[in-house]
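S.K.: Sequence:
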Amino acid sequence: MSLTLDAKATAKAWIDDHQQELSDWHQHIWNLAEPAWREYESSRWYVELLRQYGFEVEAGSAGMPTAFAAQWTNGPAQGEEGAGPVIASYAEYDAVPGNNQAATTSESPREGLGSHAPGHTDPHSVLGISTLAGLLATQHAMREHNIHGTLKYTGEPAEKMHGSKVVHGLRGYYDGIDAMVSFHPFYMLPLCNTARWDTQCGAYYSKVYTFVCDEPETWQLSNNPNSPIPASHSAARAPGANVALMQMYTASRVMQDAMLPSFGGWSLSDAILSSGQATADNLPARVAQIQYSWRTPDIEMAEHVLKVLDRNAEHAAAMSHCRLEVTWVARSRPGITNHVLAQTLYDNLAEIGAPQYGDAAIEAAQRIQRELGIEPMSKPYLDECEALITPQDAEAALREHLAPWQRNWTSDDYVEMTHYAPTVRFYISRPALKPAAERGAYPAWVMNALGGIPAAIDPTIDVAGKTVATTFIDLLTKPEIVAEAKREFAERRSTFDVEPLLPSDFEAPIDLAWPEYINNSARSPERQWLP
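All letters in the sequence shown, in the order written, are residues 935 to 1465 by our numbering.
It should be emphasised that the hints constitute simulated quantities derived from the structure, not laboratory data.
Pair by pair, the computed Cβ-Cβ distance ranges are:
#: 1; residue 1: GLU1149; residue 2: PRO999; range: 29 to 37 Å
#: 2; residue 1: ARG978; residue 2: VAL1188; range: 41 to 49 Å
#: 3; residue 1: ASP1215; residue 2: GLY988; range: 51 to 59 Å
#: 4; residue 1: HIS1249; residue 2: GLY997; range: 28 to 36 Å
#: 5; residue 1: GLU1425; residue 2: VAL1188; range: 38 to 46 Å
#: 6; residue 1: ALA1294; residue 2: GLY1210; range: 46 to 54 Å
#: 7; residue 1: LEU1446; residue 2: GLU1151; range: 23 to 31 Å
#: 8; residue 1: GLU1237; residue 2: GLN1290; range: 42 to 50 Å
#: 9; residue 1: GLN1290; residue 2: GLU982; range: 26 to 34 Å
#: 10; residue 1: GLY1210; residue 2: VAL1260; range: 17 to 25 Å
#: 11; residue 1: GLU1078; residue 2: HIS1050; range: 44 to 52 Å
#: 12; residue 1: GLU1259; residue 2: GLN1290; range: 50 to 58 Å
We put the beta carbon where it would ideally sit given N, CA and C, even for glycine.
Throw the hints in and build the complete structure from the sequences for me.
M.R.: As structure tokens, then:
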């Protein structure tokens, strides 16, 4: 056997030998289920484990407390004669508020937490443990076969808000990387068990508008110019920040169909951040915050939405006797494809095969169906979850649903990485059930639960981990693949020369009122949830 084939066999054997350990690691992260920017325990776990495996790890990278950057080199250091390529991947681990679900076959929150606590919906817990499996398997194979090169691995918090990758990119953490592998679990055609070909993810903007009522006493002075207090009970008081927020919310909802035409698959979402006004009684609200996030196929469309939102915010503030502050959360460019890496990765995936669900996974799915009053199916999982589709066929199927002019679809912040290094984006199926006739979609808790049931989710980790490892080994042992991928990257980058959309000194908005966990031993020894 060749060096490449020997090393691949070694890497896959490492994953086989560590299946139970990988499953246990995933259960740990899945049960932590910490929300964006508050993944303290999850990131700490990754940092400590990577250090145990010999990686140099910077905790809190790029000023983000729950991010990290890890590196390990075998052979000469970068820049020295005989040094191998620099290959990278990353972990995500943020969960989503309001999706707490135990790893059971009935609707039930995890013990000690209410139903509105976070849970893993995508699940990012699988994303991180899968790429970690590939990383450590590759490291083992590099040692066993004396393969030179550098492995880089970043911890990327707050993916649900495109929070960290743009910051890591601006700070230079992706500089010098020869090839990047990006993974995400998925569940349906055409992006199931394949790699993206041409249609990468599009633009994503997210911005927080803060309304501040600094001087309520200066509202309509003529009401009572001799009053010694800002606003008596008998006076007309300043509208305040809550009024500004509601004006902004209402205007933007009403005007949504005036922002962009109703095609292209664009979307706009909003979230009201906690303002601490609940116990302020009759005083005008001093501060209120609302976050808007929007996905568009291209930057031009994103800018149209931005102009409307900015204008709405300015007028809402003026109407309500407030000043306006704005905070960017994310501003991502559409992705750049790389056919060389996509084909290389898919060739490895084809050798490994799609996830397959055993008796225990089928039994768990059938129990869920019985719980919902559905006749259990002999093969309850979507057929697509256990089948491969080539990148080219996936692209053709995706394009059937898109306008000819549309170059990108949906969003994910891996796109920022594609502007710094050749990048492949691939998907491995997560377990999803076949719909029953005339029953419609399953409740959201079902997929959340399947993401935590080991028999159902471990096949995803196995296949994704082996795909990462074998692709890494191709890149480490076949310099012609890296050279061709970099040539393609340079060519495509020259035709899509879009600079970062945020300034180089941009700092992640970690101090906003994001949902988080707290410990409150006076109330309960259990971990409590603060919305």
